[in-house]
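There are 2 protein chains.
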Amino acid sequence: MTLDRSWFTEPMESTGTAFSLKAEKVHEEQTPYQKIEIFKTETFGWLMTIDGCTMVSTRDNFLYHEMMSHPALNSHPNPKNVVIVGGGDCGTLREVLRHPEVASATQVEIDERVTRLAEQYFPELCEKNADPRATLFFGDGIQWMKDAKPGSIDLIIIDSTDPVGPAEGLFGKKFYLDCIKALGPDGMLVQQSESPLLHLGLIKEMHQAMREAGFVQTHLLHFPQVIYPSGWWSASIACKKAGPLASRLDEAAIAALDAQFYNADTHRAAFALPTYVRKALGA
Amino acid sequence: MTLDRSWFTEPMESTGTAFSLKAEKVHEEQTPYQKIEIFKTETFGWLMTIDGCTMVSTRDNFLYHEMMSHPALNSHPNPKNVVIVGGGDCGTLREVLRHPEVASATQVEIDERVTRLAEQYFPELCEKNADPRATLFFGDGIQWMKDAKPGSIDLIIIDSTDPVGPAEGLFGKKFYLDCIKALGPDGMLVQQSESPLLHLGLIKEMHQAMREAGFVQTHLLHFPQVIYPSGWWSASIACKKAGPLASRLDEAAIAALDAQFYNADTHRAAFALPTYVRKALGA
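Chain order of the listed sequences is A and B.
The working numbering puts the first residue of the first sequence at 1316, with every later residue one more than the last.
The working numbering puts the first residue of the second sequence at 1316, with every later residue one more than the last.
Worth flagging that the hints you see were computed from the coordinates, not collected in a lab.
Be careful, since some hints might not be right.
Pairs involving identical chains hold if they fit within one copy or between any two copies, as the list cannot separate such chains.
Listed next, the in silico SDA-like pairs over lysine to any residue satisfying Cα-Cα at most 25 Å (straight line) [to be verified]: (1) K1594 - L1564; (2) K1355 - L1318; (3) K1594 - D1580; (4) K1395 - C1441; (5) K1340 - K1350; (6) K1340 - E1325; (7) K1489 - C1441; (8) K1556 - Y1348; (9) K1340 - T1317; (10) K1496 - G1367; (11) K1340 - T1324; (12) K1443 - R1526; (13) K1350 - K1555; (14) K1519 - P1478; (15) K1594 - E1566; (16) K1340 - D1319; (17) K1519 - D1319; (18) K1355 - E1325; (19) K1496 - E1527; (20) K1489 - E1416; (21) K1496 - A1528; (22) K1355 - T1324.
Just so it is clear, the structure is predicted and the values come from calculations on it, not from any experiment.
Okay, chain A solo, but in the shape it has when bound (with noise of 0.2 Å):
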């Protein structure tokens, strides 16, 4: 059966795969960037769509700002200086200022309009904004990572759209040896990597290209993403330094982050790879 004009649907050619909500659309505008939607869907709050892909929507994106922000900061051992690159609805920047460790986090997001949207559609994100702690910067994360301060970070979240469009320069030894001079010895870049059953030969390529540019471990997390294609997504961790990674699970710490997914059986649970990835990436 085909879908009436009262969903909005994603449709992926190259998975050959689509997701569909309930949905209205009360918002359509062209950025320099990219199309910006935002839609009233019947069961899953506000959906911000970016090109015709789902990016964020009220009642799931819990699982994707959780598992992108924590179970790095728990990873590293004194996490003080975060990067945020794209995240421009401002979900990763709330959950990293969750942490008390955390003294600077800075959002380098290109289209503004994607924020200004957010603190519309999506105020409960926008909540840390105006945190003494946060920075935000509307430009170029390619350009902002060259001119960044060697050594100065400790852990870069890659927050972007999908490797096309403006992000694609995001994924890539060009970008990541720019990120490995801008982090400290401890540090560590975190980077959503799509999809473990239909992008798995992509997850690989990033960890290579991550290992080529000098970093010496990489890890693959996984999580539910419902609205995004496959719904089930994944993150990677790539290190400057050798060594098992740290791991913050004081319960008390946890609880404090009053996170809805994210807790200390879940962060492990996130690295526990199926049979088949760890072979496909040789783990």
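With chain A held as given, fit chain B onto it using these hints.
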């Protein structure tokens, strides 16, 4: 945008979500119980649907079949006699029979046509049907369980469609009471229990009904299942006996299962509950 007729779509009005696969229908029949359709998809191999709902695809069925069988089998101290209610595609039966400790596995499927079509389109799932330990019975699982010899079963796996139509009677206290009677003293039941995001209320009701029927413990496990609504699925384990679940996780035995998703790490990870699920279940 809307999808043209080159896509199969399962819209779920109750959850406001829909999933689609690029696919061409190759077979359709109405059985006494339900409408079965077979599609040739572009990227997921063959797809079987029942009454318009995705049941099984070549590409991703390993997720569901492995996680419906191995965690429960490795949580029971000595699972000799296993009964599968539903499971007509034979994929769960195949996984169960990978365990050398299983002495008999009986599949009780109401609709023989599901199995006959699986033999045709999913022969790999049927490769253990001729195993001397396997019995394929076609008939009503509810009646079968009523008539089962008391104390004769170690593990019941309820691998059914959603709790509407023919499968409705498999969810609820009345059926669970018959299961308890049929189970031995260490007996366990595992049942597919829908999406942890979309159907949390149903999961809660299931666990409550299981406990009201006399199971002393219930556990939830969760895993990705791409073609099912939300891409995130769960199973519930109910135990007759109190105490921690056994955990027969020796790496050599697990490697011999030749599973694609399941291993000792993903076993443990499946039981790691998100904070909001813990709260909802009072876990």
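State whether the alpha carbon distance between K1594 and D1580 is at most 25 Å within one copy, between copies, both, or neither.
Both: 24 Å inside a copy, 14 Å across copies.
Please sort K1340 with K1350 into within, between, both or neither, judging by C-alpha distance up to 25 Å.
within (13 Å within a copy, 35 Å between copies)
Alpha-carbon proximity context of K1340 and T1317, limit 25 Å
Answer is both: 19 Å inside a copy and 14 Å across each meet the 25 Å cutoff.
Between copies, within a copy, both or neither: which fits K1355 and T1324 at Cα up to 25 Å?
This pair counts as both: shortest intra-copy Cα distance 13 Å, inter-copy 21 Å.
When no copy is specified for K1519 and D1319, does a C-alpha distance of 25 Å or less occur within a copy, between copies, both, or neither?
neither (38 Å within a copy, 33 Å between copies)
When no copy is named, should K1443 and R1526 be tagged within, between, both, or neither for a Cα gap of at most 25 Å?
Classified as neither: same-chain Cα gap 34 Å, cross-chain 43 Å, threshold 25 Å.
My question is about K1355 and E1325: at a cut-off of 25 Å on alpha-carbon distance, are they close within one copy, between copies, both, or neither?
both (15 Å within a copy, 21 Å between copies)
One pair to classify: K1489 and E1416, alpha carbons no more than 25 Å apart. Within, between, both, or neither?
neither (30 Å within a copy, 53 Å between copies)
Please sort K1496 with E1527 into within, between, both or neither, judging by C-alpha distance up to 25 Å.
within (14 Å within a copy, 60 Å between copies)
At most 25 Å between alpha carbons: which applies to K1594 and E1566, within, between, both or neither?
Only across copies: K1594 and E1566 sit 16 Å apart there, 32 Å inside one copy, limit 25 Å.
Please sort K1519 with P1478 into within, between, both or neither, judging by C-alpha distance up to 25 Å.
Answer is within; shortest intra-copy Cα gap is 14 Å, inter-copy 39 Å.
Is the C-alpha distance from K1594 to L1564 at most 25 Å within one copy, between copies, in both cases, or in neither?
Classified as between: cross-chain Cα gap 20 Å, same-chain 28 Å, threshold 25 Å.
Comparing the model with each earlier hint shows violations of hints 7, 8, 10, 12, 13, 17, 20; every other hint is respected.
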